[in-house]
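K.L.:
Letter by letter, the chains look like this.
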Amino acid sequence: MDAVAGGVTPHRGTQVLLAGAPGRLEAEFIDENNALRGGIGTTADGAEATEGIVLRVRLIASGALLRGTDGRGEVRSGTMMGTIGFSRPNEFENTLGTCVARDHTFTLSAR
Amino acid sequence: MRTTPFALAALLLAEPAGAAELRVRASEAFAPCLGPALDAFTREARVPVSLEVGPPDAPSAASLVVGDDAELRHVLEGGTADVRTALDLGYVPWVAVFPLDSPAQSLDAVGGAGEVAVLGGPAGERARESLGARTLEVTRDTRTLQSAAYALVPRTLAGPGRHRPADVPALVAVAAVVDRSPAEADARRLLAYLGTPRAQSLLGRCFAPQPLSPLATAAAPYAASVVDYWLPDCSLRHNRHNDPNDVVGAPDTVNLGGGIYRGMMSLGQGGWVTVDMGATVVDGPGDDVRIYQATSNEEITVYASSSPQGPFTLLDLRVPCGNRSTGAVSNHCTFDLASGGLREARYLRVEDGEIYPCLSGDTVSEGADLDAIQALNFR
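Chains F and S, in that order, give the protein sequences. Counting from 1, one number per residue, gives the positions in the first sequence under the numbering used here. Counting from 1001, one number per residue, gives the positions in the second sequence under the numbering used here.
Because the hints were derived from the structure by calculation, they are not lab data. Each hint should be verified, as a subset may be incorrect.
[Said to hold, decoys possible] Here are the in silico distance ranges between beta carbons for each label pair:
{"hint": "1", "chain 1": "F", "residue 1": "64", "chain 2": "S", "residue 2": "1328", "range": "39 to 47 Å"}
{"hint": "2", "chain 1": "F", "residue 1": "106", "chain 2": "S", "residue 2": "1309", "range": "25 to 33 Å"}
{"hint": "3", "chain 1": "F", "residue 1": "73", "chain 2": "S", "residue 2": "1035", "range": "54 to 62 Å"}
[What the hints assert, rightly or not] What the simulated footprint calls covered on chain F by chain S, stretch by stretch (three residues with Cβ under 8 Å from a Cβ of chain S suffice, anywhere in the stretch; the number is not a length):
{"hint": "4", "region": "37-46"}
{"hint": "5", "region": "67-81"}
{"hint": "6", "region": "99-107"}
Glycine included, every Cβ here is placed at the ideal spot set by N, Cα and C.
With the hints as extra help, turn the sequences into a complete structure.
P.N.:
Dropping the structure here:
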């Protein structure tokens, strides 16, 4: 994924896009007070994970922003509220189920 | 996609040379309810109608589409169909289907992997979410749904077996004319007919009536001022309706045509607005806050606080905001302070719950479209 600055008005933002298929997964965060908070969404096609599972998400994510070993910011333990759906590749519905929760977790770091 | 030539007798009537066929495209859950009304229209107006069963968000050559709010969201918001023609035809509740000899009371405990069938497509999203993280038979094929031993389906698609009401919001059948379609004029005539008492009577044999919404008192206050807001930079650049002050006061959204509105704020991807209600919202009987949202049933998340700086407590997450409102263009949804453990609050934060990727949006009003915020219980 690629992260870029996402404006300063009305609050400073950060945009995170899926590399190679930027429309399929997009996160738009407020980037203030050493924290990220915002929405993560996918299109109906979903985004394929390296594990070979396709995810379709509608999430509000938040997490403290810390300085990584290379000096860049990272979220080591964030929380996501909302819906994560699962399917096999080339399926257009969440045939492997859907998980709705207020305490999904995530990490976000440069590599 | 299947095409049913409804009103076979009517097809024998003379059709003006060169006139385009009036095609209606309806989603699987609603098509079984439309036949008698389309048949009656054909007899009375002498206009043959064919009914296609398929996703209404891809109208193809159809001039009238019939689908649930969730299916027509982008068709209406993007202007493919004329939102000003949108007409509610009725509701279809969900049922859980079990074998007659099954003692089960809930689908949670039955069926192995892939044994529970559930409707696919946008209309089935809430039903699928209700079944949790399990492998499902997700399909729009009506025969598969009707032959499944265990299923969660709109009542119109239920096969034999024992049916139990399901705790999934009923689907609402909305009809709308497709702009610049081959038989647009006849589609408008048909839509007008579907609003007549005669057609409503025929539709009412299959559809359920609109669920009742509690009325707000005349004195119930609306948001008094904006405290803060945030729209992602991407949404600010792509959307047209970005003024947070449009959520202050009573519902006043006006559809100006062509996907352009006045009086609402599109929240973009996960954007939000925080308002001062100008009064204290209190936890009282029923729900305490009503949100007016202009387009279909786009989801809303609401937080509350007694301080403008927070902390804000979540009341409910991604609630479909599509209950019909009396006397307002916008639909609405309601929230209870008690669901967040609060007794009172003065400041409310309303956040987009659609969370659709901004860069993939194709309208100028992406995200939930916020019209007004009202306190139902207050002092």
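K.L.:
Determine for every hint whether it applies to the structure shown.
P.N.:
Verification of the supplied hints:
1. Separated by about 41 Å at the C-beta atoms, residue 64 of chain F and residue 1328 of chain S satisfy the suggested range of 39 to 47 Å.
2. As the Cβ distance of residue 106 of chain F to residue 1309 of chain S is approximately 26 Å, the hint placing it in 25 to 33 Å holds.
3. Hint check: residue 73 of chain F to residue 1035 of chain S, Cβ distance near 60 Å, so the stated range 54 to 62 Å holds.
4. Counting residues of the region 37-46 of chain F whose beta-carbon sits less than 8 Å from any beta-carbon of chain S gives 6, enough to reach three: the coverage restraint holds.
5. Against chain S, the region 67-81 of chain F contributes 1 residues with a C-beta closer than 8 Å to a partner C-beta. That does not satisfy the three-residue criterion, and the hint is violated.
6. Look at the region 99-107 of chain F against chain S: 3 of its residues bring a Cβ nearer than 8 Å to a Cβ of that chain, three or more, so the hint holds.
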